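Engineer: The chain contents come next:
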Amino acid sequence: MASTISFWQRIRRTPYQAVASVFMIFMTLFVLAVFFLLAGGLSSLLSYFETKPQLTVFFKDEKSKASVNELIGKLQTTGKVASYQYISKDQALAIYREQNKNDPLLLEMVTADILPSSLEISATSPQYLVELSDMAKKETAIDEVVFQKDVVDTLVSWTSTIRKIGLVFLVFLISSTIFILLTSVGMKIALKKEEIEILKLVGATSWYIRKPFIYEGVTYGIVGACLSFLVVSGIMLYLQPFITSFLKGIPALSLLHVFGINIIIWPPSLILFIILWAILTIAGFLIGLCGSSLAVSRYLKN
Amino acid sequence: MIVFNDVSKKYSANVVALHEINLTISDGEFVFLVGSSGAGKTTMLRLVFGDLIPTKGSVFVDDWEVNKLKSNLIPLLRRKVGFVFQDFKLLSDRTVYENIAVALEILGRTKKEMDKRINEVLEIVSLVGKANYFPRQMSWGEQQRVAIGRAIAGEAKILLADEPTGNLDPKTSWEILKIIDKINKDGTSVIMATHNVDIVDSMKKRVIEIYNGRIVRDEKKSKYS
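Taken in sequence, the protein lines are chains A and B.
Read in order, the letters of the first sequence are residues 1 to 302 in our numbering.
Read in order, the letters of the second sequence are residues 1 to 225 in our numbering.
Bound conformation, chain A alone:
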């Protein structure tokens, strides 16, 4: 079937509608992208902070390597241990010396014998520290199990609150996005209501009427997605020095680990940009496709 009016002519003849539609989709996807990055970044950062509190198990005497490994094995079977590090008496002395290198008096009085060997344990979540602590206390030859319970409780409370606020924010953003989308698509199609009616009157089939609207909607969706990707990427790259300085001392933040690929959300990597572009393009495509299909269907049924 030949078409006397090209797709580009359709867009060019209604440039303000086209710009408004692309802008609406751009705004929607921009908000989505910013939220995706903020939520992902914040979640990774919270996860990182949650692994920071440590449980320190001090041993009465130098334990044999085998018994230390046995304790580690027991704790690891819970699946709640993120990482651990054994500190021998000699290593403890080295740490002590490093910490007090400016005070020779303190260094003179201390030898490796009086310092206990220890095991530093990070839990996958700070709320597991109590359970791990109780397990460790049951072992023989344990002098003391130490962790900052108050600090941990405060951190758990804060991270839990931040996540709840994030969830409320997410619901609010998604609701706003859907509202903006319905309004913009509805407005766009309402302007074409007359065209749809006329095409029905001259005997056009449903698909003939639907096709150009769907092509148009999908194009606006993809263009809006690419624009939002470019803007968000630009903002990320612009802010990188400031955020790097703010997050000084924090290692790479992992967002997800899928199919053997560790997706790092900070610092921004090529794979993060590719994933962001893919998510936005797919979202733009689906918004354009579903929005225009649903809206045209409404008028075709009338």
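It is worth saying that the hints were derived from the structure and are not from the lab.
Everything numeric in this text was worked out from a predicted model, so none of it was measured.
A portion of the hints provided could be inaccurate.
Unchecked claim - The following label-pair restraints were derived from C-beta to C-beta distances:
no.: 1; chain 1: B; residue 1: Gly166; chain 2: A; residue 2: Phe35; range: 26 to 32 Å
no.: 2; chain 1: B; residue 1: Gly28; chain 2: A; residue 2: Thr205; range: 55 to 61 Å
no.: 3; chain 1: B; residue 1: Lys70; chain 2: A; residue 2: Phe7; range: 51 to 57 Å
no.: 4; chain 1: B; residue 1: Asn167; chain 2: A; residue 2: Phe273; range: 42 to 48 Å
no.: 5; chain 1: A; residue 1: Pro15; chain 2: B; residue 2: Lys70; range: 37 to 43 Å
no.: 6; chain 1: A; residue 1: Glu197; chain 2: B; residue 2: Asn167; range: 15 to 21 Å
no.: 7; chain 1: A; residue 1: Ser175; chain 2: B; residue 2: Leu76; range: 41 to 47 Å
no.: 8; chain 1: B; residue 1: Val15; chain 2: A; residue 2: Val231; range: 55 to 61 Å
As the list claims (entries may be wrong) - Calculated pairs, BS3-like style, for lysine-lysine (alpha carbon to alpha carbon, straight line, at most 30 Å):
no.: 9; chain 1: A; residue 1: Lys193; chain 2: B; residue 2: Lys10
no.: 10; chain 1: B; residue 1: Lys112; chain 2: B; residue 2: Lys178
no.: 11; chain 1: B; residue 1: Lys205; chain 2: B; residue 2: Lys112
no.: 12; chain 1: A; residue 1: Lys301; chain 2: B; residue 2: Lys68
no.: 13; chain 1: B; residue 1: Lys220; chain 2: A; residue 2: Lys193
Even glycine gets a Cβ: it sits at the ideal position worked out from N, Cα and C.
Given the coordinates of chain A, assemble chain B onto it according to the supplied hints.
Structural biologist: Frame of chain A; chain B shown alone:
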């Protein structure tokens, strides 16, 4: 051929638009539907066009019983029946060429076939040289000619015209009528709803008068009243 077989149409319990209409219009006929506003003329045309379903009875266009057509066949019916409206119903963002081309595009015509047919149609409706005009750049009379061109460009064997001269001055009305008459002489059946007494009286065609949803007069070579 168009057949109304005992057709009634109610819009609601108290609003009866048509009452037991029986009527046959042969191929190639020119029929004027006359009557006061609200008499039921437009309802009759919309029933033929598949835009309304009768409350009772059947409407046939050739072998097709319009009121029993599945919704996916309605577009095919509308390709056989061209409709010209009082308010033209042109696509305002498309040129004359593109407005007429819509009727050919939906039939799957190639660009070459469309060019040939559109040139023929532009000649019939006296719009040669105006193919690239947009509706807003044309007078109402010219816009109505574009609407007629679109209605006859495809495979339509029947032309329905609902007060096509209602918005036009007498001179332009006559020009439009001459075009419709020529189309009829080329073999297309025409049913035209109108209030234009001069035109009906001068043409001396079959006149069907509707009053309160009933046919009160159906005469060959007749006048408005």
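Engineer: Which of the listed hints are not met by the structure?
Structural biologist: 1, 2, 3, 4, 11 and 13
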